[in-house]
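Novice: Residue strings, one per chain:
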Amino acid sequence: MDSLRHYLTLHRQNLLDALRRLASQPFASSLTVLVIAIALALPAGLRVLVNNAGALNDSWQGAADFAVYLKIDVSTENAARVARAIGGRPDVANVTLIDRAKALEEFRAKSGFGEALDALDGNPLPHTLVVRPKSGAAGDVEAVAAAVRAIPETDLVQLDTAWVTRLRAMLALAGRMVDLATVLLAIAVTIVVGNTIRLEINSRSVEIEVVKLVGGSDGFIRRPFLYLGFWYGLAGAGAAAVIVAAALLALEPPVRAVATLYGSGFQLAGLPLREIVLLVVGGAVLGWAGAWLATARHLKAIEPK
Amino acid sequence: MIRFENVFKRYPSGREALSGVSFNLERGEFAFLTGPSGAGKSTLLRLIALIERPTRGTVLINNQNTARISRGRIPPFRQRLGVVFQDHKLLHDRSVFDNVALPLVIAGASRREIERRVRAALDQVGLLGRESHAPITLSTGEQQRVGIARAVAPRPDVLIADEPTGNLDPDLSREIMELFTRFNEVGVTVLIATHDLELIEHLPHRQLKLVAGQLAADSGRGGS
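Residue numbers (my numbering), protein chains in the order written: chain A, 1 to 305; chain B, 1 to 224.
Please keep in mind that the hints were generated in silico from the structure rather than gathered at the bench. Owing to the predicted nature of the structure, the values given are computational and were not obtained by experimental measurement. Possibly wrong hints are sitting among the right ones.
What the hints assert, rightly or not - Coverage of chain A stretches by chain B, computed from C-beta distances (three or more under 8 Å per stretch; other residues unrestricted):
no., stretch
1, 208 to 220
2, 297 to 305
Stated by the list, open to error - Below, in silico cross-link-like pairs of lysine to aspartate or glutamate (EDC-like), each with a Cα-Cα straight-line distance of 16 Å or less:
no., chain 1, residue 1, chain 2, residue 2
3, B, K89, A, E207
4, A, K102, A, E77
5, A, K300, B, E52
6, B, K89, A, E209
7, A, K300, A, E207
8, A, K71, A, D99
Virtual Cβ for every residue (Gly too), placed ideally from N, Cα, C.
Start from the sequences and build out the full structure, keeping to the hints where you can.
Specialist: Shown next, in the form of structure tokens:
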């Protein structure tokens, strides 16, 4: 019980001592923290971009929907019957009928071609069905489309899933590249912290020697350096989160402008809380690991003479 | 308490620092280790503190064969040993108090225990009231006394010192030796390496004289 309390007290002291040590040389510490921050901000920022592209992709999930243009002479009742028939299929989630009269009105209102339409006689638009298959997989969608194509009232089935598939593949590729960048930059952070701790160990070799002479164990000697690494990683990750947030803030207005031009309500999403926590915890762990490597490698070399 | 049995220490360079040294220092004994510089005094002390290992022979401390102490068991071994250095080896980025407290912190003493023992040790060396000073602001003699306070604060069974008066004038040196004598009087086994024969000639303690790595003379008790 007593030794546990002693242990915890030592840890708390090491934690605070390490923080004080960082604060005592603000310039050097900030440089190291900044290097770590940039190395962590890069994968975190890329991750945010891929997440956003993924969200965009999700909002296009409806792209598995396809449009069915019925023949121009199909009556409204007949169109409704065909819609019900398709909607009754087990592989179809739902079917929306766009009445040709309503479609014309809408087109007139939105397209700005109102006067040109007036010049035509009658309604050039057919009844349209929007079919959403239950499954978004390319093969399943194709099967539904083929069945619909076989219905005599169907004039044209417009199916355009290839680009969605391509976009998804590109996103998967981008995600994998971000994963690789994350691994590489995590290694870089570990090395940066390890090297900083190595210099710290060298500059405190007298202290290490004395502590060894009066009976300090390897663990006792190592701990202050581990906490130093921990703070470097934690501070670096915190700064990285700020950098990412600032970058998103800077990107937000132009992204909104683009989204508005495309008539989309798309909003740039920031790092979700879960990933901020992951970033900060990850940074602290990497800092600790870097310090561990440095101490394992260099502390043994300092022995009392 | 400290027993050397036919101990040899040869360095990789081929130099033989100790050749067949045997002696026995009983618990509570006080002995000086004398001899010209290069005779092997520091090497002998380093073998006791497990800073080095003998090439051949046996070193027993408190009936424990030091050859059987693995690297990982050295820290607890050193915690029971007080060591005083010629150059004090104080940490200059912390106060006198923190310097003396260091071995107690390492040993896991409670805060109250640390306060009490640091004060007691500083009192014994005549530096009570200087806890918050930086070592650098103290004189050389005072710094050496801080070093001694650090060595005795954990109440070690054995106190070894390598030329503890090497940088001090005769008066200060005598004070330091009186300090060691007082610790010896309360039962601590003391072994001090010194080349200052003038200083110790009027002291009654046993003298072990090393010449060229061999025990040339032993004035005292114990026997080998």
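Novice: Now look at each hint and say whether the structure bears it out.
Specialist: Here is what the structure says about each hint:
no., hint, in the structure
1, 208 to 220, "holds (count 11)"
2, 297 to 305, "holds (count 3)"
3, K89(B) - E207(A), "holds (9 Å)"
4, K102(A) - E77(A), "holds (15 Å)"
5, K300(A) - E52(B), "holds (15 Å)"
6, K89(B) - E209(A), "holds (9 Å)"
7, K300(A) - E207(A), "holds (14 Å)"
8, K71(A) - D99(A), "holds (13 Å)"
Consistency with the previously given hints is maintained throughout, with no hint failing.
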